[in-house]
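Engineer: Sequence:
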Amino acid sequence: MFTHLLNDENGAIVSIELVLIITIAVLALIVGWSEVAVAVNNELNDISNAVGSLDQSFAYTGFKGQAAADTKTKSVYNGSRWDDKSDDCDLNDTCQLVCGTPAVASAG
Numbered sequence: 015m016f017t018h019l020l021n022d023e024n025g026a027i028v029s030i031e032l033v034l035i036i037t038i039a040v041l042a043l044i045v046g047w048s049e050v051a052v053a054v055n056n057e058l059n060d061i062s063n064a065v066g067s068l069d070q071s072f073a074y075t076g077f078k079g080q081a082a083a084d085t086k087t088k089s090v091y092n093g094s095r096w097d098d099k100s101d102d103c104d105l106n107d108t109c110q111l112v113c114g115t116p117a118v119a120s121a122g
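The sequence shown runs 15 to 122 under the numbering used here.
Some hints here could point you the wrong way.
Per label pair, the in silico range of CB-to-CB distance [what the hints assert, rightly or not]:
#  : residue 1 : residue 2 : range
1  : I38       : S62       : 30 to 40 Å
2  : S48       : Y74       : 44 to 54 Å
3  : S67       : I30       : 54 to 64 Å
4  : I61       : T37       : 31 to 41 Å
5  : L41       : R95       : 58 to 68 Å
6  : S67       : G46       : 23 to 33 Å
7  : A42       : L19       : 31 to 41 Å
8  : I36       : F16       : 29 to 39 Å
9  : E57       : H18       : 58 to 68 Å
10 : L34       : L68       : 45 to 55 Å
No lab work stands behind these hints, which were simulated from the structure alone.
Ideal Cβ placement from N, Cα and C applies to all residues, glycine included.
Please construct the entire structure, taking both the sequences and the accompanying hints into account.
Structural biologist: Structure representation (structure tokens):
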């Protein structure tokens with residue numbers, strides 16, 4: 015019975031095939047997840063460029079209240095204005111997250 019067990023090689027082909035299939039599947043998964051990571055990074059870069067291109071400038075007007083009979087001022091509320099200037103990181107023109115990707119150009 016022991017010699018029969020040593021000479022039995024019926025499971026060897028199945029084991030080698032399974033090792034080969036599992037190896038190919040693992041390599042394919044590594045390449046696939048790497049490409050998913052590249053795609054996610056590129057989309058996040060697009061989102062950061064969209065947020066960076068938002069213009070956050072604002073302005074509001076003031077008012078001045080005077081009595082009708084005299085020129086005495088009752089209340090004053092001054093207006094304000096703020097202009098959003100472009101920062102270095104608003105548009106990633108020079109940032110390449112993955113080697114070999116083209117630089118992102120500004121649309122405006």
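Engineer: Can you give the numbers of the hints that this structure goes against, from lowest to highest?
Structural biologist: none
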